[in-house]
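Below are the chains, spelled out letter by letter.
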Amino acid sequence: MSEAPQLPRAARAFVSFVALLRANGFAIAPEQTTAFLEAIALLGPRGPEDIRQAGQATLAPPPERRAAYDLLFRIHFLGGEEIAGDDDEDDEVVRLQEEGRGDEVPPLADEINESGEMAVRAEALAERRFGPGGPSDALHRLAREAPGHLPRRRGHRRMPARRGPWADLRRILRESVRNDGEVMRLGRLKRRTRTRKMLLLIDVSGSMKARSEDNLRLAHTLLQATPNVEVFTFGTRLTRVTPALRLKRREQALAAAAHLVSDWDGGTRIGDALQAFLAVPRFGGYARGAAVVILSDGLERGDLSALCDAVAKLSRRAWRLSWLTPLATSSSFVPQTEALIAVRRFVDDMADGGSSAAVVAHVLSLRQRRAA
Amino acid sequence: MAVRGTIGGIDSPEALEKALRGAYYLADEGIATAAYLALALGKPLLLEGAPGVGKTEAAKAIAAVLGRRLIRLQCYEGIDASAALYEWNYPRQMLAIRQAGDETIDIYGETFLIERPMLAALRAPDSTVLLIDEIDRSDQEFEAFLLEFLSDFQISIPERGTVRAAERPVVVLTSNRTRDLHEALRRRCVYHWIDYPTAEREARIIMMRASSVAETTARAVVAAIGKLRREPLSKAPGVAEAVDWAEAATLLNKGGARWPDAFKRSIGVALKDEEDLAFISGRLDALIAEAAA
Numbered sequence: 001m002s003e004a005p006q007l008p009r010a011a012r013a014f015v016s017f018v019a020l021l022r023a024n025g026f027a028i029a030p031e032q033t034t035a036f037l038e039a040i041a042l043l044g045p046r047g048p049e050d051i052r053q054a055g056q057a058t059l060a061p062p063p064e065r066r067a068a069y070d071l072l073f074r075i076h077f078l079g080g081e082e083i084a085g086d087d088d089e090d091d092e093v094v095r096l097q098e099e100g101r102g103d104e105v106p107p108l109a110d111e112i113n114e115s116g117e118m119a120v121r122a123e124a125l126a127e128r129r130f131g132p133g134g135p136s137d138a139l140h141r142l143a144r145e146a147p148g149h150l151p152r153r154r155g156h157r158r159m160p161a162r163r164g165p166w167a168d169l170r171r172i173l174r175e176s177v178r179n180d181g182e183v184m185r186l187g188r189l190k191r192r193t194r195t196r197k198m199l200l201l202i203d204v205s206g207s208m209k210a211r212s213e214d215n216l217r218l219a220h221t222l223l224q225a226t227p228n229v230e231v232f233t234f235g236t237r238l239t240r241v242t243p244a245l246r247l248k249r250r251e252q253a254l255a256a257a258a259h260l261v262s263d264w265d266g267g268t269r270i271g272d273a274l275q276a277f278l279a280v281p282r283f284g285g286y287a288r289g290a291a292v293v294i295l296s297d298g299l300e301r302g303d304l305s306a307l308c309d310a311v312a313k314l315s316r317r318a319w320r321l322s323w324l325t326p327l328a329t330s331s332s333f334v335p336q337t338e339a340l341i342a343v344r345r346f347v348d349d350m351a352d353g354g355s356s357a358a359v360v361a362h363v364l365s366l367r368q369r370r371a372a
Numbered sequence: 001m002a003v004r005g006t007i008g009g010i011d012s013p014e015a016l017e018k019a020l021r022g023a024y025y026l027a028d029e030g031i032a033t034a035a036y037l038a039l040a041l042g043k044p045l046l047l048e049g050a051p052g053v054g055k056t057e058a059a060k061a062i063a064a065v066l067g068r069r070l071i072r073l074q075c076y077e078g079i080d081a082s083a084a085l086y087e088w089n090y091p092r093q094m095l096a097i098r099q100a101g102d103e104t105i106d107i108y109g110e111t112f113l114i115e116r117p118m119l120a121a122l123r124a125p126d127s128t129v130l131l132i133d134e135i136d137r138s139d140q141e142f143e144a145f146l147l148e149f150l151s152d153f154q155i156s157i158p159e160r161g162t163v164r165a166a167e168r169p170v171v172v173l174t175s176n177r178t179r180d181l182h183e184a185l186r187r188r189c190v191y192h193w194i195d196y197p198t199a200e201r202e203a204r205i206i207m208m209r210a211s212s213v214a215e216t217t218a219r220a221v222v223a224a225i226g227k228l229r230r231e232p233l234s235k236a237p238g239v240a241e242a243v244d245w246a247e248a249a250t251l252l253n254k255g256g257a258r259w260p261d262a263f264k265r266s267i268g269v270a271l272k273d274e275e276d277l278a279f280i281s282g283r284l285d286a287l288i289a290e291a292a293a
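Residue numbers (this note's numbering), protein chains in the order written: chain A, 1 to 372; chain B, 1 to 293.
It is worth saying that the hints were derived from the structure and are not from the lab.
Glycine residues also receive a C-beta, built at the ideal position from the N, C-alpha and C atoms.
Honestly, I wouldn't trust all of these hints.
As the list claims (entries may be wrong) - Quick list of in silico lysine to any residue cross-link-like pairs, SDA-like style, CA-CA up to 25 Å: (1) A:Lys190 <-> B:Phe145; (2) B:Lys235 <-> A:Asn228; (3) A:Lys313 <-> B:Val269; (4) B:Lys272 <-> A:Leu278; (5) B:Lys18 <-> A:Ala41; (6) B:Lys264 <-> B:Ala214; (7) A:Lys313 <-> B:Ser234; (8) A:Lys313 <-> B:Leu277; (9) A:Lys248 <-> B:Arg179; (10) B:Lys227 <-> A:Gly206; (11) A:Lys313 <-> B:Ala278; (12) A:Lys190 <-> B:Trp88; (13) A:Lys313 <-> B:Leu284; (14) B:Lys272 <-> A:Arg317; (15) B:Lys272 <-> A:Asp309; (16) A:Lys190 <-> B:Arg137; (17) B:Lys18 <-> A:Ile40; (18) B:Lys235 <-> B:Thr198; (19) A:Lys248 <-> B:Glu183; (20) B:Lys235 <-> A:Arg316; (21) A:Lys313 <-> B:Asp276; (22) A:Lys190 <-> B:Arg116; (23) A:Lys190 <-> A:Arg369; (24) A:Lys248 <-> A:Arg320; (25) A:Lys190 <-> B:Gly78; (26) A:Lys190 <-> B:Glu141; (27) A:Lys313 <-> B:Arg230; (28) A:Lys248 <-> B:Gln140; (29) B:Lys235 <-> A:Arg320.
As the list claims (entries may be wrong) - Chain B residues, not near chain A, derived (Cβ > 10 Å throughout): (30) Lys60; (31) Leu113; (32) Asp152; (33) Ser281; (34) Ala291.
As the list claims (entries may be wrong) - Cβ-to-Cβ under 8 Å is the rule here; a few derived chain B residues that face chain A: (35) Thr33; (36) Ala34; (37) Leu37; (38) Leu41; (39) Tyr90; (40) Ile97.
One chain only, chain B, in its complex shape (with noise of 0.2 Å):
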């Protein structure tokens, strides 16, 4: 296995957690320190956590950092390596031989292959990060075909040959847990679990996310989120959803709303739920005035 150590100029999980911050990404120091030990072992980077917490955007920061093109692939159920590797334009084949009359021609030329993420990922192995998203909602066939990518980084086109990176490519896989992964696949990966943020790091998100929003309503807004947080809500709100609440309560506020009044109308980009906005409604009252206090 090909250790790098430094990738990008970044040397330390110190470094790399400085120059997320440059990319508007807070992290703690598991995350940063998973994110160099992945970036440094040319292993892929697994992220699991509760959908919100920042799986796709710690991706996409990590991008930025590198100064690399992201490619996203939305994992789904019945993805195949159709739409993952790369497919042949089979119209343009079909014309092609069609308009080829006694000529010989070759079908499988360069022209007639489409890029898919994955494949694209390989041939640009320097210039790209590959994520992959939600690779709980794909099912297991895609998970085990996944596997033989993630170990040796190359893919063979039957009529073409084995298409391999020249070095190693930098991945990152998120997952909602929505469904247990495989073993064999995490074994292969960096794997770090994102936690919801701390109350200080979260009000910093909040700010550092949408420069409109004052401090008090970031500490008031992460206080309320807290609370519901602890609440059996069938969908808990993340940190997305913190910093729409934080960012919708201000705009209300400056369009004329008082403030508990300001939070309580905004609900609605916190709580997305029917179930979970008609369990809460009694209490809303109290909740966000404690924590406005």
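With the rest of the complex left out, here is chain A (with noise of 0.2 Å):
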């Protein structure tokens, strides 16, 4: 790179270009900065389309937000013209961003996964704003216990152990030394246990309006105490939203969250949306060996048979299939509503998601259960 103190005048749109796109949303650290302005100089460039894939290439935009990438790509070197006879959605995306987030707000719009178009505001789609509620009982006990207390399952890492089935050689080999090659004791190596993947489905329609807005807080918490979590939502659409929930600050992650889900307290198309689920290898892959946990009352509106059929492949791909509905309060507890019954065969443990405590208890006991 130059050593002069001043960018060459040419090289300031890139520079300003990198500046739109972190303003928009987009991670980019100053060394991709420098591999940008580098490649452009490798290429030539011959023409905006160089520059184009020199930014794909070095300031790397994850796959999913290609498009608005591209979008901003014309928008800054192309001029305002050409978006006038763009579509819609591109321009829906960027719109939505540049309503005044911050840089730390996660990719908007850009996991909803669903069959039809992207979000139109036509469709009787909700946002919400979530209240400041306080930390309940019930979240202090999961942020404390859950490091310790969530299922674990055995890795693929060694750790020294005073019995296990391999020889620790390089412990071996190091005592030996000391010993002038004598061996004195053997080390062993076992297995390292690690925590088992979780999955939480949690239902944001209509029927679950009371408790959608706890189930996310909770799954904020469990997100922060134990990084292998992700959180999908469900209604209508489904949307993952683990990358908003990482976001530290509850208030802000939930915002972000509630930002993400354009389907609050919808329609409950249980069966499509799992269906979705599993139809995405990248999203069908959490569930491998995971501990799922289902938090929705099962009050399904759409097919029956593809609900059932869903439910199936999800419990033989988990470790263990939890659905937790609020109708369930006592432990004699016998699904009535028909996608219930459906399902229940299915499932390893139907129990009570009435309360954030009930929540949090039956997540705090998976991991005295065993592999269903």
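Combine both chains into one complex, guided by the hints.
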């Protein structure tokens, strides 16, 4: 790079493009900017296409935000005229982002997975603002106990142990060198355990209105306590909210998640949502060997056979599938709704999801249970 | 950072694309540009994409173009330094200590060092391409460890000191995106997302990879595969599956099977999930007839 304190005039447009991307929520490091400039120099550049591709390779916009990247590129380098004739979808995404949110806010509207178009305002979609709910005892308990009390599985890394299936050759050799080659003690290795993946599927439809806010808070607490958690919401569509909930401050995280989810308090199509979840290989993988917890009352508006099929698939992939419903308030609960009766045989635990305390108690008790 | 400009006589994305074609890899403009930039800037190339779009093939082709040996490190959960970097030959060290008697020996000499892929690439950066395959399968500990390697291209072996690469080695990483990679890793690399190729390109890939396949067959397969990719399958067929399907159907046809039937009977090489097969079976006839038309 040049040592000059001032950037060459020709390079300014590229640096300001990076600034524009950052303002729209793309995380770009200074070293990437340097690589971007070098790449442009390497390619010529012979035209705007070279610059666009150099940016794509070095600034690394995530695949699901490529459309937003391309649009910003056109706005910045090719001027505004072209945008008028552009499709509304990309425009929508960008406009949403420009609505004065901070840099750390995760990508918007990129993980929404549905068969139809992207979020269209005309559809009866609702956004929600969360009040500043105080941290409850249940969430305190979850934050405190989750790291040590979640289900664990045997990992593939090894650790020194008194007993174990393998000889710790490294340790044996080091000790024997100290004793002139004499082996005094045989160190062993065993497999280390690690926290099992968890998958939370949260129903945000109208019938779960009273619970969905608390459930999201709970998901945030859980995600902060242990990293191996994925969180999705579903109602009439399926949304991955994990990146939003990774933000540390609860209000900020919930606001970001609330913004991502566009189907608050709508209808429920659990079957379709779960089918959609399974059809994306990347998402479906999150369920494999995981402790899957569905927080829903199971008031299904859609097709029952699709629901059964999806729950059966999910159950086969999962380590253990729990369905927590607010309707199950006592231990002698017998499902009454059609959907719950139908899926009952695939679900390992059907328990109370009526309060945060009950959900926390169930999540923390999962460790005592065995694989189903 | 060392900007190389040209490497192995390749001085532009177009030159690289042409060379890759010579290595039986049809690269689109995006991947040719990204690969060229990675080579020229001396940065690792990170390729992401659905399974079977040709990520590993791209690395092989790059190695072939540069005339270098490909060293492949397949990632898995629990992969650690002793599998990726180096390992001491403990039994041999132990024996040497026993045999040495009163003499002093250096048990951390070269003869006791087992070279693993990353060390091998570091020691011969001008004649190797290091492929770190399916990085998303490894755990976060390994990813963090990799960060150090990819930024400095050096390895420290406590007993022997630091091994540093004489020049920046060519490194290709691939990921199926079964989990999100750490932002820091993406930042250190030149990144490219490989999409499914266009129908036109895919047909050309099939004919290039499987020379026995006729053009009409290739086009029919591409049309059918394109339709299958739009279905909500648990495993969408990749380019590799398309090539296999075209080849299998051609084989059956030569054995006497009629066309639509040859496609139908060889569907197993394109769809490899029992549930997917059951899901599609009712409409398979119509789908193939439509594609062959």
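Quick rundown of the hints versus the structure:
Taking the CA atoms of A:Lys190 and B:Phe145, the gap is about 22 Å. The hint holds against a cut of 25 Å. Taking the CA atoms of B:Lys235 and A:Asn228, the gap is near 24 Å; set against the 25 Å cutoff, the hint holds. Restraint check: the Cα-Cα separation between A:Lys313 and B:Val269 comes to about 23 Å, which is no more than 25 Å; the hinted pair holds. Using a Cα cut-off of 25 Å, the hinted pair B:Lys272 and A:Leu278 holds, with the two alpha carbons roughly 16 Å apart.
Restraint check for B:Lys18 and A:Ala41: satisfied, since their Cα atoms lie roughly 21 Å apart, inside the 25 Å limit. Between the alpha carbons of B:Lys264 and B:Ala214 the distance comes to roughly 17 Å, so the proposed pair stays at or under 25 Å and holds. With a C-alpha separation of about 11 Å, the suggested pair A:Lys313 and B:Ser234 falls inside the 25 Å cut-off, and the hint holds. Simply put, A:Lys313 and B:Leu277 have alpha-carbon atoms about 15 Å apart, close enough for the 25 Å limit, and the pair holds.
In summary, the hint linking A:Lys248 to B:Arg179 is supported, as the alpha carbons are separated by about 21 Å, within the 25 Å threshold. Restraint check for B:Lys227 and A:Gly206: not satisfied, since their Cα atoms lie roughly 36 Å apart, outside the 25 Å limit. For a cut-off of 25 Å, the pair hint linking A:Lys313 to B:Ala278 stands: about 14 Å separates their Cα positions. For the hint pairing A:Lys190 with B:Trp88, the CA-to-CA distance comes to about 20 Å; that is within 25 Å, so the pair holds.
Only pairs whose Cα atoms come within 25 Å are accepted, and A:Lys313 paired with B:Leu284 is accepted, the gap being roughly 23 Å. A distance of roughly 17 Å separates the Cα atoms of B:Lys272 and A:Arg317; the hinted pair therefore holds under the 25 Å criterion. For a cut-off of 25 Å, the pair hint linking B:Lys272 to A:Asp309 stands: about 19 Å separates their Cα positions. Restraint check for A:Lys190 and B:Arg137: the C-alpha separation of about 21 Å stays at or below 25 Å, so the hint holds.
For the proposed pair B:Lys18 and A:Ile40, the alpha carbon gap of about 21 Å is at most 25 Å, so the pair holds. Taking the CA atoms of B:Lys235 and B:Thr198, the gap is near 19 Å; set against the 25 Å cutoff, the hint holds. With a C-alpha separation of about 17 Å, the suggested pair A:Lys248 and B:Glu183 falls inside the 25 Å cut-off, and the hint holds. Restraint check for B:Lys235 and A:Arg316: the C-alpha separation of about 16 Å stays at or below 25 Å, so the hint holds.
Between A:Lys313 and B:Asp276 the alpha-carbon distance is near 12 Å, which keeps this suggested pair within the 25 Å criterion. Simply put, A:Lys190 and B:Arg116 have alpha-carbon atoms about 23 Å apart, close enough for the 25 Å limit, and the pair holds. Annotation: proposed proximity of A:Lys190 to A:Arg369 holds, straight-line Cα distance about 23 Å (limit 25 Å). Distance restraint check for A:Lys248 and A:Arg320: the Cα-Cα separation of roughly 28 Å exceeds the 25 Å cut-off, and the hinted pair is therefore not satisfied.
Note on A:Lys190 and B:Gly78: the hinted pairing holds, with a Cα-Cα distance of about 13 Å set against a maximum of 25 Å. Pair hint A:Lys190 plus B:Glu141 holds up; C-alpha atoms about 18 Å apart against a cutoff of 25 Å. For the suggested pair A:Lys313 and B:Arg230, the alpha carbons sit about 20 Å apart, so the restraint of at most 25 Å is met. With a C-alpha separation of about 20 Å, the suggested pair A:Lys248 and B:Gln140 falls inside the 25 Å cut-off, and the hint holds.
Note on B:Lys235 and A:Arg320: the hinted pairing holds, with a Cα-Cα distance of about 23 Å set against a maximum of 25 Å. The Cβ of B:Lys60 lies farther than 10 Å from every Cβ of chain A, with a closest approach of about 20 Å, so its non-interface assignment holds. Every CB of chain A lies more than 10 Å from the CB of B:Leu113, the least distance being 14 Å, so the non-interface label holds. Consistency note on B:Asp152: stated as away from chain A, and its beta-carbon is indeed over 10 Å from all of that chain's, at 13 Å minimum.
Its beta-carbon lying about 15 Å from the closest one in chain A, B:Ser281 satisfies the requirement of being farther than 10 Å from that chain. No Cβ of chain A approaches the Cβ of B:Ala291 within 10 Å, the least distance being about 21 Å, so the stated non-interface status holds. Below 8 Å, beta-carbon pairs count as interface contacts, and B:Thr33 has one with chain A at about 4 Å; its hint therefore holds. Restraint check, B:Ala34 versus chain A: the minimum CB separation of about 4 Å is within 8 Å; hint holds.
With 8 Å as the threshold, the beta carbon of B:Leu37 comes within range of chain A, its nearest partner Cβ sitting at about 5 Å, so the hint holds. For B:Leu41, the shortest C-beta to C-beta distance to chain A is roughly 6 Å, which falls under 8 Å, so the interface hint holds. With a cut of 8 Å, the hint placing B:Tyr90 at the interface with chain A holds, because the nearest CB-to-CB distance is about 4 Å. The interface hint given for B:Ile97 holds, since its Cβ lies 4 Å from the closest Cβ of chain A, which is under the 8 Å cut-off.
The structure does not agree with the numbered hints 10 and 24 stated previously, though it agrees with the rest.
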